[in-house]
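Asker: What follows is each chain in one-letter form.
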Amino acid sequence: MPLYTELRSPNVHEPKTIGEYADTVINYSGSATSIWAGGTYIMSRPDFYPSAATNVEIINLKDIEELYRIQRNDRFSEIGAMVSLNDIALLGNNIFPRSLIQAIESTACRMMRERISIGGTLCLKGLNSPLSSVLVLLDTAVEVVIPKRRNFTRRWMHVSRLYDKNGKFILNTVFPNALVSKIRIIIQDFDFEYFSTAGKPVCNPDEAVSLAVVSKLDQNGLTSPRAIITIPSMGYAYSKDIDTLLESMPLPANENSTKELFKNIMAYISDNLGPITPIQEARLNGMMKDMVLSLNQNILSL
Amino acid sequence: MKVELVVDGKTLSLNVSSDKPLSELLREDVEIKSLSTSCTGRLCGKCIVLLNDKAALSCLVPAFNVKNATIVTFDGFSKTKECKDIENAYQSLGIEPCQDCYASRTLLIENILRRYEDTDFIDDIFSDEDILKEIMEEHELIKCYCMDSTSILAIIKESLNNRRKRNATVYRTKIS
Chain A
1 MPLYTELRSP
11 NVHEPKTIGE
21 YADTVINYSG
31 SATSIWAGGT
41 YIMSRPDFYP
51 SAATNVEIIN
61 LKDIEELYRI
71 QRNDRFSEIG
81 AMVSLNDIAL
91 LGNNIFPRSL
101 IQAIESTACR
111 MMRERISIGG
121 TLCLKGLNSP
131 LSSVLVLLDT
141 AVEVVIPKRR
151 NFTRRWMHVS
161 RLYDKNGKFI
171 LNTVFPNALV
181 SKIRIIIQDF
191 DFEYFSTAGK
201 PVCNPDEAVS
211 LAVVSKLDQN
221 GLTSPRAIIT
231 IPSMGYAYSK
241 DIDTLLESMP
251 LPANENSTKE
261 LFKNIMAYIS
271 DNLGPITPIQ
281 EARLNGMMKD
291 MVLSLNQNIL
301 SL
Chain B
1 MKVELVVDGK
11 TLSLNVSSDK
21 PLSELLREDV
31 EIKSLSTSCT
41 GRLCGKCIVL
51 LNDKAALSCL
61 VPAFNVKNAT
71 IVTFDGFSKT
81 KECKDIENAY
91 QSLGIEPCQD
101 CYASRTLLIE
111 NILRRYEDTD
121 FIDDIFSDED
131 ILKEIMEEHE
141 LIKCYCMDST
151 SILAIIKESL
161 NNRRKRNATV
171 YRTKIS
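Residue numbers (this note's numbering), protein chains in the order written: chain A, 1 to 302; chain B, 1 to 176.
Simulated from the structure, these hints should not be mistaken for lab results. Ideal Cβ placement from N, Cα and C applies to all residues, glycine included. Fair warning: there could be bad hints in the mix.
Stated by the list, open to error - With beta-carbon atoms standing in for the labels, derived distance ranges:
{"id": "1", "chain 1": "A", "residue 1": "Ser-31", "chain 2": "B", "residue 2": "Phe-121", "range": "51 to 59 angstroms"}
{"id": "2", "chain 1": "B", "residue 1": "Glu-4", "chain 2": "A", "residue 2": "Ala-32", "range": "25 to 33 angstroms"}
{"id": "3", "chain 1": "A", "residue 1": "Tyr-268", "chain 2": "B", "residue 2": "Arg-42", "range": "29 to 37 angstroms"}
{"id": "4", "chain 1": "B", "residue 1": "Glu-4", "chain 2": "A", "residue 2": "Glu-65", "range": "30 to 38 angstroms"}
{"id": "5", "chain 1": "A", "residue 1": "Asp-191", "chain 2": "B", "residue 2": "Arg-166", "range": "45 to 53 angstroms"}
{"id": "6", "chain 1": "A", "residue 1": "Lys-200", "chain 2": "B", "residue 2": "Ser-149", "range": "14 to 22 angstroms"}
{"id": "7", "chain 1": "A", "residue 1": "Lys-259", "chain 2": "B", "residue 2": "Asn-161", "range": "51 to 59 angstroms"}
{"id": "8", "chain 1": "B", "residue 1": "Asp-124", "chain 2": "A", "residue 2": "Asp-191", "range": "31 to 39 angstroms"}
{"id": "9", "chain 1": "B", "residue 1": "Asn-167", "chain 2": "A", "residue 2": "Arg-8", "range": "46 to 54 angstroms"}
{"id": "10", "chain 1": "B", "residue 1": "Asp-118", "chain 2": "A", "residue 2": "Lys-259", "range": "34 to 42 angstroms"}
{"id": "11", "chain 1": "A", "residue 1": "Cys-203", "chain 2": "B", "residue 2": "Leu-93", "range": "55 to 63 angstroms"}
{"id": "12", "chain 1": "B", "residue 1": "Arg-115", "chain 2": "A", "residue 2": "Lys-200", "range": "43 to 51 angstroms"}
{"id": "13", "chain 1": "B", "residue 1": "Lys-54", "chain 2": "A", "residue 2": "Ser-294", "range": "46 to 54 angstroms"}
Said to hold, decoys possible - Facing chain A, according to a computed beta carbon distance under 7 angstroms, are these residues of chain B, among others:
{"id": "14", "residue": "Leu-14"}
{"id": "15", "residue": "Ser-17"}
{"id": "16", "residue": "Ser-18"}
{"id": "17", "residue": "Asp-19"}
{"id": "18", "residue": "Glu-158"}
Next up, chain A with everything else stripped away, as it sits in the complex:
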């Protein structure tokens, strides 16, 4: 017989509405709770099972019908937190920014994407996915359900408020047991979009890195550009300083200005996130050159 048969089986709660969810988390506020969306990330942790630390109350969200709804109008799409990444990629292939679709496709293969929910991807503790960074870049809003004594409130906020300035997930520190219920993605167009990722953020976060840039483009160069660099194990670099560096870059950019940009971005990362691994640095350098090349092609074809 296996050695772990004596371990306690965690209690599983399956609320059917947001109200029931709020009741459950309030009733068990003294115990350790674990909120499950798709569960792919939780189960891929090496020490997940068998584990002595299983004395938790699992709250499984799969029966809350509201979390599967998708609504769309001309300006935005509202997507329930339990909608799978694959459904979003299929739904939004022609309406969402290309960088978002690329970020979804880079998250995992189709078979895995069918089981990964967008809400779960946003709420990973200790890991930043390139997808959550791209959603920050695209000014996505999220609806957060905040359980309060015998009741709950709903509040819309910018997705970046789920994280601190360096991308660490802090929602549950600010609002204990809060739940992301909806994601509102704005339907917008950019003249220049770039997304690239290298490595596997879930399996090997110390080697993975991703870069996303969106901007309007005219003959003078980039107008209000936004860039985000994701270092999955550490957080993300998203700052007005980086955006200003991009905006002030003369276009078409030459090798020296690309080197200068990379040097400044590396300095920002090392000041705010800490030192990154040499492979991440090399990959980021390659992405930066590729991005500038793509930018030059775009500006010269105007």
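Starting from the known structure of chain A, fit chain B onto it as the hints suggest.
Answerer: Here is chain B on its own, set in the frame of chain A:
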């Protein structure tokens, strides 16, 4: 926790730990022989099963999520006509996966066949770069390097032809 599920056509009622991965449940409690390895969530890709008709890595599905689910493992699938379509493709092309990944790769191919078997033009699938990339990404999930991408695509194409021929025969028999 009591879990009722259907595995390879048999209805079972099991008493297991609620957070037990499906792969462990199938190996230990149902004694499925095709799931010989246990990566415990390290994504080796060798524990694929069909969960409610879709391929899934069984090490990433907890027991509480398979209540009333229908699961097909390679043990059950290997006795079906659908499996013969794929195995005939292995034979006719003279390529087959190694014993280590045979079960998972065959179930993954079956998942891809189900997705595209109703498509009118097979050649369209194999000339669409996005679809080919998607198929290869799925196969990269299986951490075994016994087959190259050309062989995998050839097997899928041949299996798809076998499946469509068989479906057409069944259809004709029904009409007559």
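Asker: Confirm or reject each hint.
Answerer: Each hint, compared with the structure:
1. For the pair Ser-31 (chain A) and Phe-121 (chain B), the supplied restraint of 51 to 59 angstroms holds, since their beta-carbon distance comes to about 57 angstroms.
2. Restraint check, Glu-4 (chain B) to Ala-32 (chain A): a C-beta distance of roughly 28 angstroms satisfies the suggested window 25 to 33 angstroms.
3. The hinted window of 29 to 37 angstroms between Tyr-268 (chain A) and Arg-42 (chain B) holds, with their beta carbons roughly 34 angstroms apart.
4. Distance hint check for Glu-4 (chain B) and Glu-65 (chain A): the Cβ-Cβ separation is about 22 angstroms, which falls outside the suggested range of 30 to 38 angstroms.
5. Restraint check, Asp-191 (chain A) to Arg-166 (chain B): a C-beta distance of roughly 51 angstroms satisfies the suggested window 45 to 53 angstroms.
6. For the pair Lys-200 (chain A) and Ser-149 (chain B), the beta carbons lie near 19 angstroms from each other, so the given range of 14 to 22 angstroms is met.
7. Distance hint check for Lys-259 (chain A) and Asn-161 (chain B): the Cβ-Cβ separation is about 53 angstroms, which falls inside the suggested range of 51 to 59 angstroms.
8. Between Asp-124 (chain B) and Asp-191 (chain A) the Cβ separation comes to about 32 angstroms, which falls inside the hinted range of 31 to 39 angstroms.
9. For Asn-167 (chain B) paired with Arg-8 (chain A), a C-beta distance near 49 angstroms keeps the hint of 46 to 54 angstroms intact.
10. Between Asp-118 (chain B) and Lys-259 (chain A) the CB atoms are about 53 angstroms apart, so this pair departs from the stated range of 34 to 42 angstroms.
11. With their beta carbons about 31 angstroms apart, Cys-203 (chain A) and Leu-93 (chain B) fall outside the hinted range of 55 to 63 angstroms.
12. Evaluation of the 43 to 51 angstroms hint for Arg-115 (chain B) and Lys-200 (chain A) yields a failure: the beta carbon distance comes to about 24 angstroms.
13. Between Lys-54 (chain B) and Ser-294 (chain A) the Cβ separation comes to about 36 angstroms, which falls outside the hinted range of 46 to 54 angstroms.
14. A cut of 7 angstroms between beta carbons decides the hint on Leu-14 (chain B): the least distance to chain A is about 12 angstroms, and the hint is violated.
15. Interface hint at Ser-17 (chain B): satisfied, since its Cβ lies 4 angstroms from the closest Cβ of chain A, which is below the 7 angstroms cut-off.
16. Because the closest C-beta pair between Ser-18 (chain B) and chain A is about 5 angstroms apart, less than 7 angstroms, the hint holds.
17. For Asp-19 (chain B), the interface hint holds, since its Cβ comes within 7 angstroms of a Cβ in chain A; the closest pair sits about 5 angstroms apart.
18. With 7 angstroms as the threshold, the beta carbon of Glu-158 (chain B) stays out of range of chain A, its nearest partner Cβ sitting at about 21 angstroms, so the hint is violated.
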